[in-house]
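*Asks:* Take these sequences, add in the hints, and give me the full structure.
Going down the list, the protein sequences come from chains A and B.
Taking this note's numbering, the leading residue of the first sequence gets 1, the next gets one more, and so forth.
Taking this note's numbering, the leading residue of the second sequence gets 115, the next gets one more, and so forth.
Hint data in this document are derived by calculation from the structure and do not stem from the laboratory.
Honestly, I wouldn't trust all of these hints.
The list that follows gives simulated cross-link-like pairs (lysine-lysine, PhoX-like), each with its CA atoms no further than 25 Å apart [stated by the list, open to error]:
| id | chain 1 | residue 1 | chain 2 | residue 2 |
| --- | --- | --- | --- | --- |
| 1 | A | 36 | A | 51 |
| 2 | A | 51 | A | 114 |
| 3 | B | 157 | B | 179 |
| 4 | A | 51 | B | 157 |
| 5 | A | 36 | A | 24 |
| 6 | A | 24 | B | 157 |
| 7 | A | 114 | B | 157 |
| 8 | A | 24 | A | 51 |
Simulated restraints on C-beta separations [to be verified]:
| id | chain 1 | residue 1 | chain 2 | residue 2 | range |
| --- | --- | --- | --- | --- | --- |
| 9 | B | 183 | A | 56 | 29 to 35 Å |
| 10 | B | 219 | A | 35 | 17 to 23 Å |
| 11 | A | 28 | B | 158 | 21 to 27 Å |
| 12 | A | 66 | B | 115 | 20 to 26 Å |
| 13 | A | 35 | B | 124 | 45 to 51 Å |
| 14 | B | 203 | A | 66 | 37 to 43 Å |
| 15 | B | 116 | A | 56 | 15 to 21 Å |
| 16 | B | 158 | A | 27 | 18 to 24 Å |
Reference excerpt, derived from the structure (chain B facing chain A, CB under 10 Å, subset only) [claimed, not checked]:
| id | residue |
| --- | --- |
| 17 | 147 |
| 18 | 157 |
| 19 | 159 |
| 20 | 174 |
| 21 | 211 |
| 22 | 222 |
| 23 | 224 |
Virtual Cβ for every residue (Gly too), placed ideally from N, Cα, C.
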Amino acid sequence: DIVMTQSPDSLAVSLGERATINCKSSQSVLYSSNNKNYLAWYQQRLGQPPKLLIYWASTRESGVPDRFSGSGSGTDFTLTISSLQAEDVAVYYCQQYYSNPPITFGQGTRLEIK
Amino acid sequence: QVQLVESGGGVVQRGGSLRLSCEASGFTFSNYGLHWVRQAPGKGLEWVAFVGYDGNNRYYADSVKGRFTISRDNSKNTLYLQMNSLRGEDTAVYYCAKDLLGSTTWSPFDCWGQGTLVIVSS
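*Replies:* Right, dumping it as structure tokens:
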């Protein structure tokens, strides 16, 4: 199974500042035949289901604000929120869909306002 | 708009059975793979099972293999999860989720239901 490890486990950032969350996979999720990274990011606000933010490591889902961006390739990935807003308080998960089964998620990173 | 609505959760005794349903609307149901994902209280997300768009491919997490069965009825736009031999560690909110990409096994999930809570009691 591909193990996804996020860092840090929790993060406190001031409003308007940049937030960065890292995700590392135990093996590459880059599919060489199409040069796509099978890596997604989700946001889960308290009491809500997860919401897809980013897929193919850097493609923003429709309707997601452009302050959210994804980067990385192979085994190392980053979710960046360029200017933190109050509504961004949530737990963020990375997910690999390169291997199914099983699809695996990171343990989550809790983002709070400093 | 795309909508997934789970039902069937509740309290069940250890060793018992429960059947979850997920009714879908707002998209061509038979074109997309579907998943069950669970979240134990205060914990992270755990993928449980997948069924392909036509019902022919079914995959399970090792933790539920042999106890849970995923199925779908494309005529009713409904996804199911039959859960047998339930254990305390199966206590969780169960979400159904839809693949973003149609007719594939490798896709992120672009729509999630609100979830249904399953509590396994001793």
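*Asks:* Please work out if residue 157(B) and residue 179(B) have their alpha carbons no farther apart than 25 Å.
*Replies:* The given pair, whose Cα atoms are some 21 Å apart, holds under the 25 Å limit.
*Asks:* Does residue 159(B) pass the interface hint, meaning its C-beta sits closer than 10 Å to a C-beta of chain A?
*Replies:* holds (4 Å)
*Asks:* Taking 15 to 21 Å as the hint, is the beta-carbon distance of residue 116(B) and residue 56(A) inside that range?
*Replies:* At 20 Å between Cβs, range holds.
*Asks:* Mind checking the hinted window 20 to 26 Å against the Cβ distance between residue 66(A) and residue 115(B)?
*Replies:* holds (22 Å)
*Asks:* Does residue 157(B) lie within 25 Å of residue 51(A) when you go C-alpha to C-alpha?
*Replies:* Holds, at roughly 17 Å.
*Asks:* Hey, does the residue 157(B) contact hint survive, CB to chain A under 10 Å?
*Replies:* holds (9 Å)
*Asks:* Per the CB criterion, is residue 147(B) less than 10 Å away from chain A?
*Replies:* holds (9 Å)
*Asks:* Residue 24(A) and residue 51(A): Cα distance at most 25 Å?
*Replies:* holds (20 Å)
*Asks:* Check the hint pairing residue 24(A) with residue 157(B) against an upper bound of 25 Å on the C-alpha distance.
*Replies:* holds (19 Å)
*Asks:* Hint says 45 to 51 Å; check whether the CB-CB distance for residue 35(A) and residue 124(B) agrees.
*Replies:* holds (46 Å)
*Asks:* Is the interface hint for residue 224(B) satisfied, with its Cβ closer than 10 Å to some Cβ of chain A?
*Replies:* It holds, given that the least Cβ distance between residue 224(B) and chain A is near 5 Å, below 10 Å.
*Asks:* Do the Cβ positions of residue 183(B) and residue 56(A) conform to the proposed distance bound of 29 to 35 Å?
*Replies:* This hint holds: roughly 31 Å between Cβ atoms.
Against the hints set out earlier in the document, no violation occurs for any number.
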